[in-house]
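S.K.: Can you build the whole structure from these sequences, using the hints too?
In case you want the letters, here they are:
There are 6 protein chains.
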Amino acid sequence: MSADRIATIRPVEEHDATGAVAAIFADIKRTKNIDFVPALWRTIATNPVQLELVWTTLKALMHPEAAGRTPRLDPTTREIIALAVSATNGCSYCINSHTAALCKLGVDRETLGEIMAIVGLFNMTNTLANGYQIEPDVKPPLD
Amino acid sequence: MSADRIATIRPVEEHDATGAVAAIFADIKRTKNIDFVPALWRTIATNPVQLELVWTTLKALMHPEAAGRTPRLDPTTREIIALAVSATNGCSYCINSHTAALCKLGVDRETLGEIMAIVGLFNMTNTLANGYQIEPDVKPPLD
Amino acid sequence: MSADRIATIRPVEEHDATGAVAAIFADIKRTKNIDFVPALWRTIATNPVQLELVWTTLKALMHPEAAGRTPRLDPTTREIIALAVSATNGCSYCINSHTAALCKLGVDRETLGEIMAIVGLFNMTNTLANGYQIEPDVKPPLD
Amino acid sequence: MSADRIATIRPVEEHDATGAVAAIFADIKRTKNIDFVPALWRTIATNPVQLELVWTTLKALMHPEAAGRTPRLDPTTREIIALAVSATNGCSYCINSHTAALCKLGVDRETLGEIMAIVGLFNMTNTLANGYQIEPDVKPPLD
Amino acid sequence: MSADRIATIRPVEEHDATGAVAAIFADIKRTKNIDFVPALWRTIATNPVQLELVWTTLKALMHPEAAGRTPRLDPTTREIIALAVSATNGCSYCINSHTAALCKLGVDRETLGEIMAIVGLFNMTNTLANGYQIEPDVKPPLD
Amino acid sequence: MSADRIATIRPVEEHDATGAVAAIFADIKRTKNIDFVPALWRTIATNPVQLELVWTTLKALMHPEAAGRTPRLDPTTREIIALAVSATNGCSYCINSHTAALCKLGVDRETLGEIMAIVGLFNMTNTLANGYQIEPDVKPPLD
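Chains as they are written, first to last, in our numbering: chain A, 1 to 143; chain B, 1001 to 1143; chain C, 2001 to 2143; chain D, 3001 to 3143; chain E, 4001 to 4143; chain F, 5001 to 5143.
Honestly, the hints are just simulated from the structure, not real lab data.
Check the hints yourself; a few may be wrong.
Selected chain A positions facing chain F (in silico; Cβ < 10 Å) [stated by the list, open to error]: (1) T57; (2) P64; (3) R69.
When the alpha-carbon atoms are kept at most 16 Å apart in a straight line, the in silico EDC-like pairs for lysine to aspartate or glutamate are as follows [to be verified]: (4) K1059/B to E3052/D; (5) K29/A to E52/A; (6) K59/A to D27/A; (7) K1104/B to D137/A; (8) K2059/C to D2074/C; (9) K32/A to D1137/B; (10) K5032/F to E5065/F; (11) K2059/C to E4052/E; (12) K4059/E to E2052/C; (13) K4029/E to E4013/E; (14) K2104/C to D2074/C; (15) K3104/D to D2137/C; (16) K104/A to D1137/B; (17) K5104/F to D4137/E; (18) K2032/C to D3137/D; (19) K29/A to D1137/B; (20) K5059/F to E52/A; (21) K2032/C to E2065/C; (22) K104/A to D74/A; (23) K2104/C to D3137/D; (24) K1032/B to D137/A; (25) K2029/C to D3137/D; (26) K1029/B to E1013/B; (27) K4029/E to D5137/F; (28) K1059/B to D1027/B; (29) K3029/D to E3014/D; (30) K3059/D to E1052/B; (31) K4029/E to E4014/E; (32) K4104/E to D5137/F; (33) K1029/B to D137/A; (34) K3032/D to D2137/C; (35) K59/A to E5052/F; (36) K5029/F to E5014/F; (37) K1032/B to E1065/B; (38) K3029/D to D2137/C; (39) K5032/F to D4137/E; (40) K4032/E to D5137/F.
All residues carry an ideal CB built from backbone N, CA and C; glycine is no exception.
M.R.: Here you go:
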């Protein structure tokens, strides 16, 4: 009467990776300063083009210095955005991964609670604004 | 061959508000330091209990000092979360409102672009992690 | 600097409908007791199979007596479900249509406010339960 | 090759709760007439402000008599809304909890099936109305 | 500290099905050329009307020849749509089922990777287009 | 009593683009064989890094030959995925754009209707599978 989340495809094992895939796996471990390649990357590695596109994008945005870029947001704010999106979408893998990342960055559970409370609040007010089809008050002035 | 977003219910006009509703309208203007009551609040004011519950929650989380609370996150980070959630949910009213708030807080369009790029990235990786049913690597250690 | 929602496909005009499509259009007007065919039905009529499948399903569930079926839920509860789903999904067309239907059934704006408040609340708690990956307390006993 | 849902944060144990948290835990058990505090509440209790805000809102809307308020909707309709939202969002914890609540209120599996069929139907028609960008027929007349 | 997905309702066992339900169960096995009735169908069979409506719709669209209809899309394209929707919604049951169906149709893991990459890409660009409230360039010309 | 979708940020005009942005604008027009740069690209160009990352990804996946890659899916299937995702997410800009693209590729309105009907169907069955927390039948065999 119970069932687990079942991965639909076998991830590429690190020792099976060759060529461009092996090089990206090495870059992931070096850039993130971890000693294993997370399952997300080993899974999308089954299509090497996909691996390269997603890693290039994530490296540029989440590890900007390693990509030779000066970011506008600090690492904690970037991870908070990641968690806010993942919680809104209910993505188990990403929620686990970004909560762990925030913890590693020193965010304690009360701050995590404040993040979640705000994420929850705006999921509520989004529903109200949509549910009543409320019309905008403002024309944002950004040029 | 075209049609507008149509509010489903007529908002309460400020000059029609009395009692608890008028008091909350005044508190909204004072707390947010604005000279009108936004349509969201005037709409949910059609049910005064709802107005009070949503305002109490939003005031405590987004205007913590006014609610007598010391926050853990700064105002810009809080508005970034609001925009990340609203963009993920595609809520027009909230996207307009929180983009304007970030602009008022001094966020420029390149920073807004970095926020959006990160929000977009994690909507992509959330889909991949869900779409392959990828299993978690980590047990987050938060106690 | 402004833009409207733009229908992607021209709906079938009532006077252009023939055969099975015309028969379903007539059934829609008779069953719903209205004197025009709403745009949803005229649009999906561009694929007559789709029109038949969706109308058969909606008629059976939302107009059960007309479909020769005894429902378990009353009409107002059924429309409340429709609005709760549509507000959660942010579907403009459906929010307008089901709010109007509830109004026709005698629901006033304070009750609408209670519905919306509950819809908003559970969009908030869903986010919290997902965002913390909270594990279930209960095994529902329904056999 | 299998993995469980993993809570990201350790809930507060009932015997560890003190002060305002202990008082809310007691109010939850009394109001809901249950002999344990569900994991949702024990988890958000890691941030006591969040616990208070969410419980105040949920108590007012879902246990209105306990909050000194006269509701417009009956308890079964309120739980049906909760399930409709939770099913639409795919929130496991909430689906389990609100299905159990409906069962306790005497809803049998055929009625549950009618609820689900209607929730499913409007997730389908929402997609069609959005997918064709169908323009509204009506201006809802609610004042 | 771990928990499984828990079905909220006991599915109808094949040997317990009678009448219209048994006939649909037989039609499902014959049409899909499988020797068991999947859990989705056995679960919604707890409300026979729901079973009939959903099966009629799915048979017409996904097994059109069995329903006496000439489809416009081939079986692989139809399953790709099913997977794209299910991945976007994060529906575990459906992701598993439609990935298996694509595999049975001969889709290899690199093609699956291309499908997923495209699904992920448009979840990203959808968020960007919504997040900036970008206004349409085109009036689609479909008549 | 009506309001338009309001872009939150002024797109970069083609004649204002310089350097890397101008080069990408030219590549977009050449690759897509169009004589203007769509608003999506001109908007995200306000952050040139974002423009480059999203265009590189979209070019590789949707214009693979221009990116020097042999695709596994044909252009129509790729656009069908784009529309299925966009309809599920309710993204107006993307729905308009991908419906127009499919039309240009020769898809007629009856085929569009079949696509939409299948997209709608699986949004319904996803909700049912999630709403009952149905447990998977299969372990997909993809290696």
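S.K.: Given the proposed pairing of K29/A with D1137/B, does the C-alpha separation stay at or below 16 Å?
M.R.: holds (14 Å)
S.K.: Quick one, are K32/A and D1137/B close enough, alpha carbons at most 16 Å?
M.R.: holds (14 Å)
S.K.: Please work out if K4029/E and D5137/F have their alpha carbons no farther apart than 16 Å.
M.R.: holds (14 Å)
S.K.: Taking 16 Å as the top limit, are the C-alpha atoms of K2059/C and D2074/C close enough?
M.R.: holds (14 Å)
S.K.: Within a Cα-Cα threshold of 16 Å, do K2029/C and D3137/D meet the stated pairing?
M.R.: holds (14 Å)
S.K.: Please verify whether K104/A and D1137/B have alpha carbons no more than 16 Å apart.
M.R.: Between K104/A and D1137/B the Cα gap is close to 15 Å, so the pair holds against 16 Å.
S.K.: For the pair supplied as a hint, K5032/F and E5065/F, is the alpha-carbon distance within the 16 Å limit?
M.R.: Since the Cα atoms of K5032/F and E5065/F sit roughly 12 Å apart, the hinted pair holds (cutoff 16 Å).
S.K.: Would you mind confirming whether the straight-line C-alpha gap from K1059/B to E3052/D stays at or under 16 Å?
M.R.: holds (13 Å)
S.K.: Would you mind confirming whether the straight-line C-alpha gap from K3029/D to E3014/D stays at or under 16 Å?
M.R.: The given pair, whose Cα atoms are some 11 Å apart, holds under the 16 Å limit.
S.K.: K4104/E and D5137/F: Cα distance at most 16 Å?
M.R.: holds (15 Å)
S.K.: Is the hinted pair K5032/F and D4137/E satisfied, with a Cα-Cα distance of at most 16 Å?
M.R.: Distance of about 14 Å is within 16 Å: holds.
S.K.: Tell me if P64/A is really an interface residue toward chain F, meaning its C-beta lies closer than 10 Å to one of theirs.
M.R.: Hint on P64/A: holds, closest Cβ of chain F at ~9 Å, below 10 Å.
Checked against the numbered hints given earlier, the structure satisfies every one of them.
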